[in-house]
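Novice: Listed here are the chains, written in short residue letters.
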Amino acid sequence: MKKLTTSLTCLLLGLGVFLTGCDKFFPAPGMGNGPGKGKSVKLKDYSATPHLAKTTPEFRNIKLYSLFSSEDQLPLSPDYIFGGSADGAGFRRVHSGFALIVNNEDNWAVSRILFNASLKPMKGEYVLNSDGAQSRVCSATLATPEEHGFGPIFLTAGESGVESQTKMVDLFADEANASFPRMVEGFGRWNAENAVPLPLKAYNKTVVVIGDDDSGSSAGGQVAMYISDEVGNLNDGKVYVLRRKDLNDREMDMETGTEYAVEFVEVENAKYNTGDQNNLESASLNAIQFGRVEDIDYGKAQGDENIVYFNVTGQSGNADRSKYGRVYRINLDENNPLEGTMELLLDGDDRDGIAGAFQNPDNICVTENYVYVQEDPNGYGDETHDAYLYQYDIATGGLKVVMELRNTELAGSAYDTGGNRFGAWEYGAMIDVSDELGIDDTFILCVQPHTWRTDEFKGVDGGSLRPNENQGSQILVVKGLAR
Amino acid sequence: MRFLYLLLLFTLVSCTPDNNDTDVVSDIRQLYDRHLDSLYNSVHLLSETPADEPILLKKRFETARLHFKKIEVFGEFYHHDLMTKINGPAIQKQNLHDNIRVYLPVTGFQKIEELIYAEENPDTDLLSIEMLRLTGLVDTWRNDSQTVLLNDKNVTEAVKRQFLRISGLGISGFDSPVALLSLQEAAASLQSAGEYLGMMMEENEEMNILSRNLERAINTLDSANNFESFDRFDFLVNYLKPAYDQLLVVQAENGIENNKWISAVNLDQKMFSDQFFNADYFAPSYNRNVSVQQVTLGKKLFSEQMLSSDQSRSCVSCHDPAQSFTDGRKRSISLSGDSTILRNAPTLLNSGFQMSQFYDSRVTFLEEQVLDVVNNKEEMHGSLDQAVERLVASEKYKVEFTEVFGRKDITPRDIQKAIASYVRSLESLNSRFDLALREETELTQEELDGFNLFMGKAKCGTCHFFPLFNGTVPPQYNESESEVLGVPAQYITEEALNDPDSGKYHVYLAETHLYAFKTPTIRNVQNTAPYMHNGAMKTLEEVLDFYNRGGGAGIGIDLPNQTLPPDTLGLTVAEQQKIIAFMEALESPVEEPSKLLAGDQ
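Residue numbers (numbering that gives the first Met the number 0), protein chains in the order written: chain A, 0 to 482; chain B, 0 to 600.
So that you can see chain A by itself, here it is in the shape it has in the complex (with noise of 0.2 Å):
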């Protein structure tokens, strides 16, 4: 009961930062007012920056605008930089426009931009820097009120080793906590790239997949789970990690067309465990080790709200794991999320099959018919094209390339001072903000040129601990990709 209180109490001091960081972030200057269905949205290239990213052929009438980037200034924050390496992000319509809040991972820092109501970006604000962040942020989630019944609350995973802990940020932060951490303890110390939570309709309560981005030798990658019946208390509840039936716990032994029955078993006492504890405890449960679990989705389409999809990126130097990259999905059961089947969708370790392209794929967007998927290439030295999207046909289980990044093709020019090397340039997070923009098929795209660098964009974020990092990213929005 105590710490029913606690978690009530902790909600209220939250809604009150809601309150007042409404007024405080949103001056009337320059913003437009409330925008209507769609109507006021204007895409366009708001940024001078060019498209980093290109459609292939047969996508060739999908339309992508440069939103913005590190080189732009934004109207009412003229001394934000935008930080490198754009990933995890959300996006929520408010009042007087849009918000967006985005990880900039290496500079292990999450930002904010505002955006009047025809989407011209206007501010940016660092709402934590690496202070606060206290560790690389990855893949994230902005947790709704309507989906998942809590929030708004981004939830970001601390990707710096096996001891980082998921952190949350109130989408309307101020900027004046930006080196105070929350830091989000129920869901145990994990090398987590993502933890999303799953609809509210899903399951009535609410249930948290956590992907866990480890290539350590002793229990690798689990795909971990935190339940906790009471509606968005992300401190009481339990944490589960996922295994095979037959508790056969070696990832390379799984391949794709075959069903393999998974159950997710508990792991006691992991809220309070050292994430080294965690991975023991994993591993001695048979847990399946994945070679680095990335991000993960759900279904979109109604009544595919349990079922999770996710990306495992691979490692070299360990043969029981994935080495160029799997997609995987789970249908949880219905009734229960501790119980379901998995199958192995994409497989990159089969370089004749359909993924035999991949490169490391990272992050994921699941639409309503489709699976997007993001490459981020780890370096090998075999890498034959730069970072591709891939687009999966859930009913057909086609896959095609959408998108390559222009890495290499913009090799020599400001925005890639690295030499001309495939793959050095990867995605970020790829959202669907088509129902809060009112437009249909439109996405908001993270692009990390990791070897766009420049002292111009040294130490950006506020924080200590990241002084010499010096990234440029963008992001773009792609509008007419099919959901």
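Treat the hints with caution; some may be incorrect.
Quick list of in silico lysine-lysine cross-link-like pairs, DSS-like style, CA-CA up to 27 Å [stated by the list, open to error]: (1) A:Lys38 with A:Lys399; (2) A:Lys457 with B:Lys92; (3) A:Lys204 with A:Lys237; (4) A:Lys62 with A:Lys399; (5) B:Lys407 with B:Lys395; (6) B:Lys329 with B:Lys537; (7) B:Lys259 with B:Lys152; (8) B:Lys407 with B:Lys299; (9) B:Lys259 with A:Lys244; (10) A:Lys244 with B:Lys269; (11) A:Lys237 with A:Lys299; (12) B:Lys57 with B:Lys407; (13) A:Lys237 with B:Lys259; (14) B:Lys299 with B:Lys152; (15) B:Lys152 with A:Lys237.
Worth flagging that the hints you see were computed from the coordinates, not collected in a lab.
Take the given structure of chain A and dock chain B to it, following the hints.
Specialist: Leaving out everything else, chain B in the frame of chain A:
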């Protein structure tokens, strides 16, 4: 107003992280918090020190480090990743799985140490950035420490690991390579460990003994005249080990269990007993707790020629048990017989105690090493599928595999598991040196001197970690390190040419790994000549000479990423001989499955 006050109070109380410490350790928490505050204040003060006041800088640096050492025990146990940022080696590292972009920045104490101790005119901007960053990192630690669980099991384990850290890293100067503050820091660390234990354990005779043991150890460290002459063997055997072993007694008296998880060191064993290390920790989870029959089958397969394509050789061909599992050649003969393979055949003794295999660390587990060697065109040019076909034709093998694996068929993985478990059983940790640690025999003065040089002046122990003397980093043993030495193609001492083998770089393509090779064990080393990945050095004298000159840098090889300090060690010939005498005391008979047999009974 009153309501507001109450609300505020309630809020402060209820939103304080719930760290769930047990009552037993709440005093420890308070002391830990106080030490953390002192550390924060001292690094903050350090960061405000003008760069042109070197004496003050050093003084404040030393103070800050002493505060650090008082809580390193918890920092390392609960926040290991953060500790690598606060106190990691000042060597550029790259993330193996993201080598394009992720250079792990060199930060923390050792970076600052390099700036204020090694350089006459340190870059003041760099220095102030690094000092500010250290302050931020310590602040992070302060925040993060509030959400960890201090309980009796964890505190006891953390203290044991801290004792091991002192023995394997502390007294060798591993984390104080320039300032050489390690001895006083070890004393500070033992001092605080004693305080933490005193708050948790019942006050009785056994605890008094432990306190006295610690006090004696601290006095020995405090009264040491200088870093080089410190008698490390004496400290380990007569001071640190008694404290460690007494902690086991006190732990039992207080009814504190060990954590249940598998660990590289068996936490219920006396320090460096013959059952101290657990090779299973280094095995993949699917090949642990194996049967004696499996190891025996593995031994048979180890000399089974069916594994090579033309059935002309087996593992034994290059890893001869009579030569400590080497072949005595610079490089092994290739399968065709008319050339040599890329590298020297290393000993397999104690190879289980590593978190990666091959000189270039290209596989994690011995199971995959088996596959790699069988498939290698120069080595066996075979395939495990082919081997299975041959093995199933033998009734005897079929019966043996069925007995071990409980299935009628034989799979390639069974072969890998069997051979790997045999190789993992090749433990050799009962040398005269080990017996002397357990006070079951005595070393000669020359050997003792050699050990003290190895762990001190000669810096060998900063890479070949006591007591396994390989590159697997104590006390967690989660990682096996590689080093860039500048090994020459042929051993000459002037204008030598770098061996062109790119080592770990060839596998992971990370620039920092160019010419990097895994640090091997030096146990049984007098039987494993010639030395280095290419067998370039014929004798241990040549090896010592090479290191004494500062590695490649001392013989005309200029590698910008050499990880071995390029300076001469200043060892006399007599000192080098002493080190060799010590290393010879590390020869240990191979104990085949005996350990497993003991375990099964």
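Novice: Of all the hints numbered above, which does this structure not satisfy? Sort the numbers upward.
Specialist: Of the numbered hints given earlier, those the structure breaks are 1, 10, 12, 14, listed in rising order.
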